[in-house]
Amino acid sequence: DPKIIQKPKYLVAVTGSEKILICEQYLGHNAMYWYRQSAKKPLEFMFSYSYQKLMDNQTASSRFQPQSSKKNHLDLQITALKPDDSATYFCASSQEGGTNERLFFGHGTKLSVL
Amino acid sequence: GEKVEQHESTLSVREGDSAVINCTYTDTASSYFPWYKQEAGKSLHFVIDIRSNVDRKQSQRLIVLLDKKAKRFSLHITATQPEDSAIYFCAASRNSNNRIFFGDGTQLVVKP
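Protein chains in written order, with our numbering: chain S, -16 to 97; chain F, 1369 to 1480.
One should not assume that every hint holds.
[To be verified] Think about it this way: if two alpha-carbon atoms lie no more than 27 angstroms apart in a straight line, the pair counts; the simulated DSSO-like pairs of lysine-lysine are:
no.: 1; chain 1: S; residue 1: 54; chain 2: F; residue 2: 1436
no.: 2; chain 1: F; residue 1: 1405; chain 2: S; residue 2: 24
no.: 3; chain 1: F; residue 1: 1405; chain 2: S; residue 2: -10
no.: 4; chain 1: S; residue 1: 23; chain 2: F; residue 2: 1371
no.: 5; chain 1: S; residue 1: 54; chain 2: F; residue 2: 1439
no.: 6; chain 1: S; residue 1: 23; chain 2: F; residue 2: 1425
no.: 7; chain 1: F; residue 1: 1410; chain 2: S; residue 2: -14
no.: 8; chain 1: S; residue 1: -10; chain 2: S; residue 2: 53
no.: 9; chain 1: F; residue 1: 1405; chain 2: S; residue 2: -8
no.: 10; chain 1: S; residue 1: 24; chain 2: S; residue 2: 53
no.: 11; chain 1: F; residue 1: 1436; chain 2: F; residue 2: 1479
no.: 12; chain 1: S; residue 1: 36; chain 2: S; residue 2: 2
no.: 13; chain 1: F; residue 1: 1410; chain 2: S; residue 2: 23
no.: 14; chain 1: S; residue 1: 93; chain 2: F; residue 2: 1437
no.: 15; chain 1: S; residue 1: 93; chain 2: F; residue 2: 1425
no.: 16; chain 1: F; residue 1: 1479; chain 2: S; residue 2: 23
no.: 17; chain 1: F; residue 1: 1371; chain 2: S; residue 2: 24
no.: 18; chain 1: F; residue 1: 1371; chain 2: S; residue 2: 65
no.: 19; chain 1: F; residue 1: 1410; chain 2: S; residue 2: -8
no.: 20; chain 1: S; residue 1: 65; chain 2: S; residue 2: -14
no.: 21; chain 1: S; residue 1: 24; chain 2: F; residue 2: 1439
no.: 22; chain 1: F; residue 1: 1437; chain 2: F; residue 2: 1371
no.: 23; chain 1: F; residue 1: 1436; chain 2: S; residue 2: 24
no.: 24; chain 1: S; residue 1: 53; chain 2: F; residue 2: 1479
no.: 25; chain 1: S; residue 1: -10; chain 2: F; residue 2: 1410
no.: 26; chain 1: F; residue 1: 1410; chain 2: S; residue 2: 93
no.: 27; chain 1: S; residue 1: 93; chain 2: F; residue 2: 1439
no.: 28; chain 1: F; residue 1: 1436; chain 2: F; residue 2: 1425
no.: 29; chain 1: S; residue 1: 53; chain 2: S; residue 2: 36
no.: 30; chain 1: S; residue 1: 2; chain 2: F; residue 2: 1479
no.: 31; chain 1: F; residue 1: 1479; chain 2: S; residue 2: -14
[As the list claims (entries may be wrong)] Between beta-carbon pairs, the in silico distance windows are:
no.: 32; chain 1: F; residue 1: 1444; chain 2: S; residue 2: 83; range: 15 to 25 angstroms
no.: 33; chain 1: S; residue 1: 95; chain 2: F; residue 2: 1378; range: 21 to 31 angstroms
no.: 34; chain 1: F; residue 1: 1413; chain 2: S; residue 2: 81; range: 41 to 51 angstroms
no.: 35; chain 1: F; residue 1: 1383; chain 2: S; residue 2: 53; range: 39 to 49 angstroms
no.: 36; chain 1: F; residue 1: 1375; chain 2: S; residue 2: 48; range: 33 to 43 angstroms
no.: 37; chain 1: F; residue 1: 1421; chain 2: S; residue 2: 95; range: 22 to 32 angstroms
no.: 38; chain 1: F; residue 1: 1479; chain 2: S; residue 2: 93; range: 42 to 52 angstroms
no.: 39; chain 1: S; residue 1: 23; chain 2: F; residue 2: 1438; range: 22 to 32 angstroms
no.: 40; chain 1: F; residue 1: 1373; chain 2: S; residue 2: 63; range: 29 to 39 angstroms
Treat the hints as calculated values from the structure; they're not laboratory data. Glycine is no exception: its CB is placed at the ideal position from the N, C-alpha and C atoms.
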């Protein structure tokens, strides 16, 4: 059974629209992350949360907003979608959010913006 | 910021042979180097890591080597099996935060 659930698996959106990517983890972890993998680019760190608080943010655009309604949830809201936002978005978690922790990844949400 | 490069985008070996995946990094402050594996249709999962206080680590058929002077590290898979076929990602991070920088991935194919 997957312990990190990402919904949906595939998502198609039109330019200018808004979408929310869902992530829930059932590992009992206290830290959650978002990573993005675009075509021909390595997996890029976006956000990290620990105990529902933002720890680190490497995403310049305010169009990307993480939302943590519960400790085991970290959704990603993306507004004013652009074709360049097309990528696979991976949610991950770790025990505490400290340094050198092993990450556990979800299966990813593949977003295509037309 | 840190830039991690994986030198082989694809690697094909015969079952039973060894496979070596090489990575370099740019940030001298990086001190933690994990490796992740992604099998077809599955998510990434951790396989092995090495910290900068050692230059070699082994876990069963996996060996990681670290050369801090050259800012280079590598994953050696011995006695490869078809189930080793996957995309392998090397990564690096500093000890001061948990931001991990990944390489592009190496597609390893183990032929029976």
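Here is how each hint holds up against the structure:
{"no.": "1", "hint": "S/54 / F/1436", "in the structure": "violated (38 angstroms)"}
{"no.": "2", "hint": "F/1405 / S/24", "in the structure": "holds (17 angstroms)"}
{"no.": "3", "hint": "F/1405 / S/-10", "in the structure": "holds (22 angstroms)"}
{"no.": "4", "hint": "S/23 / F/1371", "in the structure": "holds (15 angstroms)"}
{"no.": "5", "hint": "S/54 / F/1439", "in the structure": "violated (37 angstroms)"}
{"no.": "6", "hint": "S/23 / F/1425", "in the structure": "violated (30 angstroms)"}
{"no.": "7", "hint": "F/1410 / S/-14", "in the structure": "holds (13 angstroms)"}
{"no.": "8", "hint": "S/-10 / S/53", "in the structure": "holds (16 angstroms)"}
{"no.": "9", "hint": "F/1405 / S/-8", "in the structure": "holds (20 angstroms)"}
{"no.": "10", "hint": "S/24 / S/53", "in the structure": "violated (31 angstroms)"}
{"no.": "11", "hint": "F/1436 / F/1479", "in the structure": "violated (33 angstroms)"}
{"no.": "12", "hint": "S/36 / S/2", "in the structure": "holds (22 angstroms)"}
{"no.": "13", "hint": "F/1410 / S/23", "in the structure": "holds (19 angstroms)"}
{"no.": "14", "hint": "S/93 / F/1437", "in the structure": "violated (38 angstroms)"}
{"no.": "15", "hint": "S/93 / F/1425", "in the structure": "violated (35 angstroms)"}
{"no.": "16", "hint": "F/1479 / S/23", "in the structure": "holds (26 angstroms)"}
{"no.": "17", "hint": "F/1371 / S/24", "in the structure": "holds (12 angstroms)"}
{"no.": "18", "hint": "F/1371 / S/65", "in the structure": "holds (26 angstroms)"}
{"no.": "19", "hint": "F/1410 / S/-8", "in the structure": "holds (12 angstroms)"}
{"no.": "20", "hint": "S/65 / S/-14", "in the structure": "violated (30 angstroms)"}
{"no.": "21", "hint": "S/24 / F/1439", "in the structure": "holds (21 angstroms)"}
{"no.": "22", "hint": "F/1437 / F/1371", "in the structure": "holds (16 angstroms)"}
{"no.": "23", "hint": "F/1436 / S/24", "in the structure": "holds (25 angstroms)"}
{"no.": "24", "hint": "S/53 / F/1479", "in the structure": "violated (45 angstroms)"}
{"no.": "25", "hint": "S/-10 / F/1410", "in the structure": "holds (15 angstroms)"}
{"no.": "26", "hint": "F/1410 / S/93", "in the structure": "holds (13 angstroms)"}
{"no.": "27", "hint": "S/93 / F/1439", "in the structure": "violated (33 angstroms)"}
{"no.": "28", "hint": "F/1436 / F/1425", "in the structure": "holds (14 angstroms)"}
{"no.": "29", "hint": "S/53 / S/36", "in the structure": "holds (11 angstroms)"}
{"no.": "30", "hint": "S/2 / F/1479", "in the structure": "violated (41 angstroms)"}
{"no.": "31", "hint": "F/1479 / S/-14", "in the structure": "violated (31 angstroms)"}
{"no.": "32", "hint": "F/1444 / S/83: 15 to 25 angstroms", "in the structure": "holds (22 angstroms)"}
{"no.": "33", "hint": "S/95 / F/1378: 21 to 31 angstroms", "in the structure": "holds (25 angstroms)"}
{"no.": "34", "hint": "F/1413 / S/81: 41 to 51 angstroms", "in the structure": "violated (20 angstroms)"}
{"no.": "35", "hint": "F/1383 / S/53: 39 to 49 angstroms", "in the structure": "holds (46 angstroms)"}
{"no.": "36", "hint": "F/1375 / S/48: 33 to 43 angstroms", "in the structure": "holds (37 angstroms)"}
{"no.": "37", "hint": "F/1421 / S/95: 22 to 32 angstroms", "in the structure": "violated (44 angstroms)"}
{"no.": "38", "hint": "F/1479 / S/93: 42 to 52 angstroms", "in the structure": "violated (29 angstroms)"}
{"no.": "39", "hint": "S/23 / F/1438: 22 to 32 angstroms", "in the structure": "holds (26 angstroms)"}
{"no.": "40", "hint": "F/1373 / S/63: 29 to 39 angstroms", "in the structure": "holds (33 angstroms)"}
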